[in-house]
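2 protein chains.
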Amino acid sequence: MFFGSGLRQLYRGLYPPIRRTTRPISGSLSRSLVLSSQRRTPEFSSFVARTNTCGELRTSHIGQEVTLCGWIQYRRQNIFLILRDCHGLVQVVIPQDELAASVKKILCEAPMESVVKVSGTVISRPPGQENPKMPTGEIEIKVKTAELLNACKKLPFEIKDFVKKTEALRLQYRYLDLRSFRMQYNLRLRSQMVMKMREYLCNLHGFVDIETPTLFKKTPGGAKEFLVPSREPGKFYSLPQSPQQFKQLLMVGGLDRYFQVARCYRDEGSRPDRQPEFTQIDIEMSFVDQTGIQRLIEGLLQYSWPADKHPVAIPFPSMTFAEALATYGTDKPDIRFRMKIVDISYVFRNTEMRFLQEVLAEPQGTVKAICVQEGAKYLKRQDIEFLRKFAAEHFNQEVLPLCLKANRNWNSPFAKFIMEEERLELVRLMEIQDEDMVLLTAGEHKKACSLLGKLRLECADLLEMRGMILRDPALFSFLWVVDFPLFLPKEESPTELESAHHPFTAPHPSDIHLLYTEPEKVRGQHYDLVLNGSEIGGGSIRIHDAELQRYILATLLKEDVKLLSHLLQALDYGAPPHGGIALGLDRLICLVTGAPTIRDVIAFPKSYRGHDLMSNAPDSVLPEELKPYHIQVSWPTDSEEEEALNQPHLPKS
Amino acid sequence: MFFGSGLRQLYRGLYPPIRRTTRPISGSLSRSLVLSSQRRTPEFSSFVARTNTCGELRTSHIGQEVTLCGWIQYRRQNIFLILRDCHGLVQVVIPQDELAASVKKILCEAPMESVVKVSGTVISRPPGQENPKMPTGEIEIKVKTAELLNACKKLPFEIKDFVKKTEALRLQYRYLDLRSFRMQYNLRLRSQMVMKMREYLCNLHGFVDIETPTLFKKTPGGAKEFLVPSREPGKFYSLPQSPQQFKQLLMVGGLDRYFQVARCYRDEGSRPDRQPEFTQIDIEMSFVDQTGIQRLIEGLLQYSWPADKHPVAIPFPSMTFAEALATYGTDKPDIRFRMKIVDISYVFRNTEMRFLQEVLAEPQGTVKAICVQEGAKYLKRQDIEFLRKFAAEHFNQEVLPLCLKANRNWNSPFAKFIMEEERLELVRLMEIQDEDMVLLTAGEHKKACSLLGKLRLECADLLEMRGMILRDPALFSFLWVVDFPLFLPKEESPTELESAHHPFTAPHPSDIHLLYTEPEKVRGQHYDLVLNGSEIGGGSIRIHDAELQRYILATLLKEDVKLLSHLLQALDYGAPPHGGIALGLDRLICLVTGAPTIRDVIAFPKSYRGHDLMSNAPDSVLPEELKPYHIQVSWPTDSEEEEALNQPHLPKS
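Top line first, the protein sequences correspond to chains A and B. FYI, the numbering for the first sequence is 1 to 653, going by UniProt numbering. FYI, the numbering for the second sequence is 1 to 653, going by UniProt numbering.
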């Protein structure tokens, strides 16, 4: 995209002209749309030395005296100069007459990317010299005065979008990388979208923006919390992973509609596409149920959605966790494409295939399959090999590729064992077309679903590499996933339970009796919001009954309730029923902008090892700087260090 | 103030009815006012179980079926119940007939502060039973159904504003304290005012809201930064005191209008009315000068100022640092009242008083005085004693009280040495009235001014205790203080220099040549914003020239430039001229709301020892929790501990 046109589109979308209504909106949002349609573009040049931005000048400005400030993007034969600011590019004509020799000298001698201020007149370009690809391509600036504001030294890379740089280099010189169109667009869109969210919450629905502390106490089980030493020996603050306790306490405090764009912290060592600090849109309400939160969030996203993107349809579809697992093999299905998992066990009730017989004889045994559209046409032999190897390595499962209508049953010695009535039933059930390929697996329900869920995504990748469009990046498919189990067996000790999400989630009202008999069967009032196969938010109705909360914490989860005594006490003092949600802002903006990683929607991200490559943080400190905090470094022994370096989660500079 | 009426006033002020213009506003702000005057009150009951808030019901609602959720504030003879939510109080009539026995039972048996949901009809109160003091006093609710949502146990204190509690108790049960009218008002006003600031910056003036990291690298000289251990042995992040470096790097990155409501951290041990984490409105612009920033901030404050407060007049007056010191004895003068410091040295050029002769013979010697209005009438003998003792103890200075028109020269053996022409000159010069009292001191300029500046505030306290109104708390007097020195002599080593504010402040253009000859005389392009005698903001035009920045850091300040190499490098790569400001949000909201401490405008503040009294943070952690961070506690020895406990800045549980 040409620099400038995209930003203009962004701002035009965000501040549409009066009476412009881009799309029909019904219900309570109509008022908000009226409000936003009355907006004008902000004044980008108030209070500063320029009269206009480089990118905004058009033929309507012809004849105006303007002052512009910007960076020298390009110079042609000492006659033209392209000046850039964050709103776009404009052509400046370098004066050639003797009287303007000093102006010419400044503009011709300044290195690329130097900052200059020029004053002059907006004039029409001579006929035939217009540049229709450039938003300012019909005009140019006839310069009268010029001032070099700051000369630029030789750069580590050119500030041009087509010049490819490694991410490490971009992060080291982040302040230069930020000059790119892509980063300008991403950060401005983020700012605008958050602003619209605030308007929706604060101005339209009476939410109160409340800042909660980040220096807090360690949460029980909060293994991923950064510690902050205090000046009291042995006492530490902790940087919380979310304002969960505070938002609930605000409800007890009668601040019944809370939101915060909250900074959260999570120390996971190094993880690709995660950040040690991240931002969530944090929301909590009193007297609300699951539907209330869902309608609120749908309205929020629709209201704040950038007008230059494909619009969002509400209400979002909803699916139970069980259905998501059975149909898509995951709790965050990408519903932009089908390729659903189908249980085909009953088709094989009379099968002669030994291994299917054996699986179906098991109490949990199932046969399942996905139909890969045009798989027979597009998937190559080595793709099938890759998928079967993937299944074997990650799931210890066998996968059978079957082409049941076409005639290409490579690599499937089993195809001949499928009886004709089975084949016909499968074709009918799975709506198999000529060029499709079926991937079949057999095994325990959850394992078979998970495997096929992964293969579904792998197949989509493969088909898209071959040119099919399964997941249109311009489409935004939201989905609620609900009715999660409240507890899961602990991984390290499966007879014990742990919270599927967190211990404050309220049980499903119709399952409460099961808490005392079969707690593993209790569903929680938890809901996840999924966008295009990524989880972008989650929340729940919370427990507001102190006794119930104590029972779950102490009896079922065996947690030390003393660490949460303040919260339990708060529930005893007239806590209202309440619930909430948190949206992961970085991930959401990443999906909206189509950025390849969340690092591209954050101004100063850490590397995946948790480093700031620009300033070299974290860094060593002097022993005397540790003294006020009563801590000292325990230097690892050589063997420990070696071990540590071999662990993938331990960063190494 | 009656619960509810104040909040209504707040929201009415913030969302005035259509076409209402409360005060004339000129210039570029008129558009913004049009925008805000078109607003309606937000929908406070969307998405939840209630149809209305308790506080909003009026005679216009009579006949409507409503559902309310709230806390039981009060019950009278099992006939009436006062229900409270965060919008106010409403009277509920408990049904007495047999058919509604279950409803009656619920409403009569629920303990105070229990949460209930009631449905019924809004009816007019019987004639004579209206309560004109209560905003909902003309109506009541005839209940049909009631539900106990949560019963309340015995509370540690009553949720009534007139019930006095210690601050420690309030902080321990913060979630209950938040139910008070005062805290609800303060937090809602804070939220609304910040929202208006965002509208002004983002929607009207094209600023981009950018989140900057809080896990960063230690700043050179950043002795007050909390450390955060990383998983790399001996490597620490640091929680920065402000986004100073990032905002400057954003300017280099071409994001030329940045703002952020930024969380900042400062570890000062315990300090009254300071918080280890606090919030600032952080702003930076490219191509701007001092005046540009000042006009921006004046517009920002006027636009966001609550409509229920005395309006703000712009532009704000401005004063140089030298003038502020000479006239008010401080760099943050409270200009709501006069009592200015007057240099009366020349009056005593021929004095016979030996000690004045001696002071005036010194090269820096001055005689200065303030005229305390009606001081002779209101100040008592012990007040004068207190003031003289204060001067002796804190400044080692003598202060002479003189009543030059009335006849009460107690305690001033010097009065008789004042010659008649001196007396007349002083009366003329200081505009002394009959009941006034002059406080005179003699000494070096800065010391004399500082002393009189303090005495001026002490006198104001004393006079106000006697009933005079000098500093109207409803008035808001903003003041810019400018032309600060760029450097100050280091306290511990006065031949060396340190930055008066920070090392990135640009020198005054007309003083640049002095940098190389008499740097202590250079003024900085720094500006402070003062409100009613409190500093609520400060900023500067920054250095954008790498060479100048290097010279100041390395040669003048003797800092290790390696720690800032990324910033110096950034300045070399086409950094635009830029400047900015930060407003202390907590202090500003404190002054606007008239709260006695900033803890009253923060939802969950720390105690002055840095403790969260509710959750008991900071807290001990297990040694194995420290292990991933390669640190261990250095437990102090008994003698160290004793010493530590005796130091005032070290907190003690």
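Accuracy of the hints is not assured; some may be wrong.
One copy or two, it doesn't matter: identical chains are merged, so the pair holds either way.
Think about it this way: if two alpha-carbon atoms lie no more than 25 Å apart in a straight line, the pair counts; the simulated BS3-like pairs of lysine-lysine are [unchecked claim]:
(1) Lys160 to Lys562
(2) Lys446 to Lys332
(3) Lys164 to Lys105
(4) Lys490 to Lys133
(5) Lys562 to Lys154
(6) Lys454 to Lys154
Calculated directly from the structure, the hints in this document are not laboratory data.
Tested hints:
1. In this assembly of identical chains, the alpha carbons of Lys160 and Lys562 never lie at most 25 Å apart, being 57 Å within a copy and 29 Å across copies at closest.
2. Proximity of Lys446 to Lys332 under the C-alpha cut-off of 25 Å is restricted to the intra-copy arrangement: shortest distance 15 Å within a copy versus 68 Å between copies.
3. Neither within a single protomer nor between protomers do Lys164 and Lys105 lie at most 25 Å apart by alpha-carbon distance, with minima of 32 Å and 74 Å respectively.
4. In this assembly of identical chains, Lys490 and Lys133 lie within 25 Å of each other by CA distance neither inside one copy nor across copies; the values are 59 Å within and 58 Å between.
5. For the homomeric pair Lys562 and Lys154, the shortest alpha-carbon distance between copies (20 Å) is at most 25 Å, but the shortest distance inside one copy (60 Å) is not.
6. For a Cα distance limit of 25 Å, the shortest separation of Lys454 from Lys154 qualifies neither inside one copy, at 48 Å, nor across copies, at 54 Å.
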